[in-house]
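S.K.: Top line first, the protein sequences correspond to chains A and B.
Under full-length UniProt numbering, the letters of the first sequence match residues 1 to 373, in that order.
Under full-length UniProt numbering, the letters of the second sequence match residues 1 to 596, in that order.
No lab work stands behind these hints, which were simulated from the structure alone.
Just to be clear, a hint being listed does not mean it is correct.
Cut-off 30 Å, straight-line C-alpha distance, at most; resulting in silico cross-link-like pairs (BS3-like, lysine-lysine) [as the list claims (entries may be wrong)]:
#: 1; chain 1: B; residue 1: LYS279; chain 2: B; residue 2: LYS292
#: 2; chain 1: B; residue 1: LYS292; chain 2: B; residue 2: LYS324
#: 3; chain 1: B; residue 1: LYS203; chain 2: A; residue 2: LYS177
#: 4; chain 1: A; residue 1: LYS177; chain 2: A; residue 2: LYS117
#: 5; chain 1: B; residue 1: LYS342; chain 2: B; residue 2: LYS440
#: 6; chain 1: A; residue 1: LYS178; chain 2: B; residue 2: LYS203
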Amino acid sequence: MIIAAAVNENFANYSNYLIRSAMFVYALAFLAHLAEWVFGGRSRIAVQSAALAADAGRADGAQAGSTAAAVTVVRRGAAGTTTLERPVAVRPTVVTRASASDRGIADGPGAAGGTEKGDLYGRIAVSFTVLAWMLHLGGVVFRAASVRRAPWGNMYEFSTTFGMVAVGAYLVLLLLKKDVRWIGLFLTTTVLLDLGLALSVLYTSSDQLVPALHSYWLWIHVSCAIISGAVFYLAAVGTMLYLFRDHYEVALTAGRAQGGRWGDVMRRLPAAATLDKFAYRMNALVFPLWTFTIIAGAIWAQAAWGHYWEWDPKETWSFITWVAYAGYLHARATAGWKGRKAAYLALVAFACFLFNYYGVNIFVTGKHSYAGV
Amino acid sequence: MSITHDDGGAPRSGETAQQGDADRQEGLGAAGAQLSTAPADTLSQAPGLGALGWARWMWRQLTSMRVALILLFLLSLAAIPGSLIPQHSDQLKVDAFKRTHPDVTPLYERLGMFHVYSSPWFSAIYILLFVSLAGCIIPRSWQFVGQLRARPPAAPRHFTRLPAYSTWRTDADPEQVTEAARSVLRGRRFRVSATGASVAGEKGYLREAGNLLFHVALFGLLISFAVTSLYGAQGGRLVVQGDGFVNNLTEYDDFNGATLYGADDLQPFGFHLDSFEQKYSASGPDRGTALKFQANIHYWNGANGTPVKGSISVNHPLSIGGEKVYLISHGYAPRVTVRDAKGNVAFQGPVPFLPQDTNLTSSGVVKVPDAVDQHGKPVQLAFNGYFTPTGDTSVGPMSLFPTLEQPILWLNAFHGDLGMDAGIAQNVYQLDTTHMKQFKLDTKTGVNGVALGVGSKFTLPDGAGSLTFDGVSTWASFTVSHQSGNTGALVSGAAAILGLMGSLFIQRRRIWVRAVRGEDGATVVEMGGLGRSESTRIADELGDVAQQLAEAAPPRPDDDAEPPAAPGPPAPDESAPSDESPADPTPLPDDEGARA
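Hey, can you work out the whole structure from these sequences and the hints?
M.R.: Here it is in structure tokens:
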């Protein structure tokens, strides 16, 4: 009765070692991010001089651009003048007017607060994150090799892959030169929690799938669900920080000074408008994928259970999540709802996603219950 | 923190986004209008007089975005109870719930909590939502058609009010510049219209098209759902190995017809269950986990079709006669022979037992309605209990492995009236012991039951009869399902995704170019760009167009590139809103909602 797809215990052990090592390195990255926040907030004077130096550097760059006679796209922003150069012999200038939702408050300098030391720790944290992610990836790949199938058969495997995709998405954003290092601390914390929970509570020895999961739809449906969840998570972090930062900015513009540690942390975050835009873009980017996940699930359900939609608890909660995100996307475009209200909706939607994952798998029995602990 | 404003305006921090948008639209006049067909928010208007006024007001309410949002929210809220309370599709669970929660059951029944998704209140929400949707997208479709037939709107007076603008002075003729602008914009696949000294270009109509497609696709999904529930029928049948099935109403254990699909519509086909293969992992931490279930069958189509070899397994249903046959579950049917007091065979054959756990501990009932007692009087006998494919008499009726390693049948025996003659349909897997009396069995263990191995026989006390455990057969249960609306649902789903991608990833934008001869004889070129949303891509695109255009109309070398003091007819509006946008970190999909 031992079939070809027997579990390879060695690979399963390698996978566990790799996941544990990844957790260790994530913990180092977490500490480095903490150091980044701590050193970045230490000295106001350092912040200001660094900012001045940066301004001077930027001005030099702009000067060089002019002498090279380039087309310049000038964005007049409170952050300064950003100059993009195009190597042509002429130079018309494009001036942008900001959108109405901005307050005219610039993005904060980031966790490092413009300090050299903070920045150094930030870079160390990113390096650790890259290393940890590679170990993490290795862990997932070995898990897949040990069971010779997609490593998405139970909650342990979902959780490890979910964390890996979330960090991967973050690293892709960094690679695209997006200014998203502010997520780092929250991301490493979450991934540590996620992996810790996976190893301690959700751990399942590598095993074979029940016949219902023997389908190529496993690859399509589950991978899309995991990617959607990871990106929704990044957006949720952005939304949460948006709410805090928005609060801070309202107080700031009302003339109430925001000192203390809290104000110092808020000061270094991107502007509320930027965070809001980031969250929206992440959500909007992945919403079609989430739609596809549900439809792919329906197609699979048709083949496995004879019905594309049966209001199974997992289906129902996917639908609820979908409707909540659709509500958020609509709210963003509706005058009285954009801003904080829409942000709350986005958080509710992500809470629905989380419940769909943890709540439905653990507390509700349905046809997806083989995806259990 | 220092905030600098290059053009000297005051920060508008206290202003709400709403006002800002209104500003922008007012400042731009027709040029900023109709960049989308999104409905105006009309909620604040008071209803007019009379019934018609009220009806109109209600209609406007219903089709407003706010109400649509509230309905969406209600829809997700209303879907929750159905995921937590057992639904009528699983009647066994509903019955169990009703037994354990007698206090809330009447309330739940009145509220329709056991069939949430077909309850009036759930239907009310989605019907209202779809009416709202229809009231929204039908006018928008007409508007969109109108926009497609119209030309891009003429340039606004003040380019400086646009989110992105550019200007320079050139020695080229204005006509040359506008001609070049036309060809550049055409080359970038803008729809172009030229009026006098200015050229207007618009692009990204697919956004609106995608938006409408998405919402129409939702209607498609709704219709497919309706078709599915009107025509979709299914029936279940448990088949013991060696037995067969013919698609006929009487052959079904249960049959749920649909409004438009009944017993007369059943197609003539059938199949014979030759064997049932099951494989389980035999070692390792996942011992007992199922690896393979497959029903090997011979099937035939039509009343006199030739039997063909085939198989049905999970994820691989059999398509036959326009229907699909799914493998649902499987289990064991102990074969028993029951003799009555006179020694006659009162019952013989396999009795399907229903699995209770993953190791296939199964429970079931053997009902013997036609037996006679010692005096030759009719009596009914019954045996209920458990079957364990791999059992252990020292453990009790609990299976240790799902295959037949050590089959044991655990039974209690009854005599009396089964209650089958009352004409009320009975569950064959349950025993109603109201009018039955349990035999007192003479066992050493003190338990009033027996555990039988294959081939063994036990005798009832007082010569009332005997039962022999002859062997075990496997059974499999199948669902035959008639499906409609699947293709429609699939096509609608695919269209919905395409539409979503169009409406979320494509940006609708306009670019205007104006060339006017200035007082000193040089031509002043002005360019402005307007996007539907707060995206920086419009600036980049405008920069690209400007660069291309500057090849045809090179800036005068003596001019300073900065600041771009708009030297055209309108003086630069220095009091214009001047808030600044920081460099945008993520030029991903742009910034409006799906329905906007």
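S.K.: Now tell me, hint by hint, if it's right for this structure.
M.R.: Comparing the hints with the structure gives:
no., hint, verdict
1, B/LYS279 with B/LYS292, "5 Å, holds"
2, B/LYS292 with B/LYS324, "20 Å, holds"
3, B/LYS203 with A/LYS177, "28 Å, holds"
4, A/LYS177 with A/LYS117, "21 Å, holds"
5, B/LYS342 with B/LYS440, "20 Å, holds"
6, A/LYS178 with B/LYS203, "27 Å, holds"
Against the hints set out earlier in the document, no violation occurs for any number.
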